[in-house]
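Colleague: Next come the chains, spelled out residue by residue.
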Amino acid sequence: MKLDEVPQDPNSSYGGHSKLLYAVDEQGRYCGTQSAGWEPESYSTQLAVAQLEEQEAQALTEWRSGQASPLKCLMYRYRLDEPALAQVTGFWQWRIRRHFRPAIYRRLSAGQLTRYAEAFGLDVAELIRYQQELPR
Amino acid sequence: MSTFQHRQSAHCESGVMANLLTHAGLPMSEPMAFGLSSGLAFAYLPIVKLGGMPLIAYRMPPKHIIKTLSKRLGARLHTATFRQPEQGRLALDRALAEGRLTGLQSSVFWLPYFPPEMRFHFNAHNLLAYGRDGDDYLLSDPVFEEPVRCAGADLQKARFAKGALAAKGLMYWVEDVPAEQDWDRLVRQSLVSTSRILDGMPLPWIGIRGIRHLAAQIRRLDPAQTKYNRLYLTHIVRMQEEIGTGGAGFRFMYASFLQESGALLGDPALNDMAAQLTRIGDDWRQFASACVRQSRNKQGDSDFNAIAGMLESIAVQERELVRRLADWARR
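So the protein sequences, as listed, match chains A and B.
Just so we're aligned: the first sequence equals residues 1 to 136 in the numbering used here.
Just so we're aligned: the second sequence equals residues 1001 to 1331 in the numbering used here.
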């Protein structure tokens, strides 16, 4: 990649930052140079984010209608999936899937909910409250 | 710690090591840190899943650069992990009070200064802490243009995030590093191991065989699964470009290392190989563009064969280059 080919595509996923790429100058010498973004790359990032948001929205609908516990929605909101949540909380994946059932969720102990609260960076009181009420 | 100079890098681990060594008295660029530790690789691991997608890596696993580089340079590296998060916090405060430049491993997701789109659960992000200001830690995150600040509670959460590759509060610093190095031996040694990693593993997922394996997987994609195919192809692009590789999956950074070594040792052959790798890197960029073009294509007329063909051509070129590297290193 030549220095004048280094992409500077705005509206990227860097949040206004630039990152360093390595490129060659006219004489073929390498140097580090800043790039404001590359369109194919931000497309890829946005697609991945959109996928998670779509899963979250669907889980939120299920939560509101009482078909799923809040854990499923929160899992996607905090960019986790079942294997990742299992690693963070230390629960087996089948237990996590079981906890997605609202009736099971309502019976979880404060200790179990604390493990989820830590994974999401939430206050455990919030998860306890969700055992009684649905989101607005 | 007034003498510390923040320097932006493409990749977190090589950047942290380059800045640590420079600070400890052995001036080193990021490409040199990356190349001398033989960081370049390719791996396609279908068993390890990231968000339902196979792990695709263009470099050696986390901590490889830190360990290999300090071993090869004969640097004494102090490292510590903690079972109790509180002890980790105290140890960091103590190190900073002693004026040490301290490397930290942390999770990207819990660092609030990252833009929201970039905050994924990746626990092996490296950064440097160089001071404290009240409750804020002064950090030199190598992928950012400028030093950043981070509240104590957030940094604590990031250092002790659980899950895959959990950092357990890992902190490290360079005690000392010999200023005199045998650069010729170091470069040769690193090229030999890179050539072994890329073209000498008896596994079909590593190195050039891994690239071919990925090509075969792309060829086998089912055109009917439009949504999966889009996510799959863009996942490759993200692993190649988004996560701080210096462009085209570390190939440009490694080429820069070859060029710098050529100048250091006065050997034009290395410069020549750098130019060859630059062309391969350009092909990787073309491949990424083609993946995204295919994902955008709403009609669904898919041409996975063409994309796989690009990869196979890259594999042929990389094999040729790796043979040259190995020949040069054993000369």
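Because the hints were derived from the structure by calculation, they are not lab data.
All values derive from a computational prediction rather than experimental measurement.
You may find that some hints are simply not true.
Unchecked claim - Which chain A residues stay away from chain B? Per the calculated CB distances, all over 10 Å, these: (1) Q8; (2) G16; (3) K19; (4) L47; (5) Q51; (6) Q87; (7) W94; (8) R98; (9) G111; (10) E118.
As the list claims (entries may be wrong) - Selected chain B positions facing chain A (in silico; Cβ < 10 Å): (11) L1090; (12) R1094; (13) F1114; (14) A1255; (15) A1275; (16) N1297.
Just so it is clear, CB atoms sit at the ideal spot from N, CA and C, and this is done for glycine as well.
Colleague: Mind listing which of the numbered hints don't hold for this structure, in increasing order?
Modeller: The structure conflicts with hints 2, 3, 4, 5, 6, 10, 11, 12 and 16, although it agrees with all the remaining ones.
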